[in-house]
Amino acid sequence: EADIYQTPRYLVIGTGKKITLECSQTMGHDKMYWYQQDPGMELHLIHYSYGVNSTEKGDLSSESTVSRIRTEHFPLTLESARPSHTSQYLCASSEGGGGATNSPLHFGNGTRLTVT
Amino acid sequence: QKEVEQNSGPLSVPEGAIASLNCTYSDRGSQSFFWYRQYSGKSPELIMSIYSNGDKEDGRFTAQLNKASQYVSLLIRDSQPSDSATYLCAGSGGGADGLTFGKGTHLIIQP
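As you go down the protein sequences, you meet chains A and B in turn.
Going by our numbering, the first residue of the first sequence is number 21, and it counts up by one from there.
Going by our numbering, the first residue of the second sequence is number 991, and it counts up by one from there.
Any given hint could be a false lead.
As the list claims (entries may be wrong) - Part of the chain A face toward chain B, derived, beta carbon under 8 Å:
(1) 89
(2) 95
(3) 110
(4) 124
As the list claims (entries may be wrong) - 35 Å max Cα-Cα, derived DSBU-like pairs, lysine-lysine:
(5) A:38 x B:1057
(6) B:1032 x A:38
(7) B:992 x A:77
Bear in mind the hints are in silico, worked out from the structure with no lab data behind them.
Glycine included, C-beta positions come from ideal geometry on N, C-alpha and C.
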């Protein structure tokens, strides 16, 4: 059973607010990822990390930022939320450092964000 | 551009029958493949991993990989209504940016 946790599960917030979506994993995985997924649509990679102090942008341009100060923690921050940010945000992790990803991703339960 | 292609469906299968889900990939360097099940509003859940050519069975699920044809499939035997979900095929992209996901196939098991 994967141990990766996201909080909050649901968030409704007004335009212009700063928000941070939390993601933590207890498996000691080096690699962590953030995906964005609209209902019924495909997954889009927005950020990933190889390990501590490493962050990279994914395929989908995003106004969010991430940090990786500790192995287990990979928070995502939106400085000024807009209605276009309304979506589900999924955090994932996988084992294995550096190089190619050949291990499966384990997903958290997601955060469903609504910006009004 | 690394791509994983799936038919979006919906694929409708009678209860008790075999559901067959297919996936093709473009990156010949991909070495590992995974099938995820995603219920509406939930996060993807890993159900099968396959790393070498041939078949791999786990309960009612069988994954098949043919690297020469760049083809991956998932068979679900004795389909149940609870199998109704979107099934995502994913391959290792050869880089550290995680897996390349297909858009998913929506499977409906009709009672």
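Fill in: Hints that the structure is at odds with (numbers, increasing)
1, 2, 5
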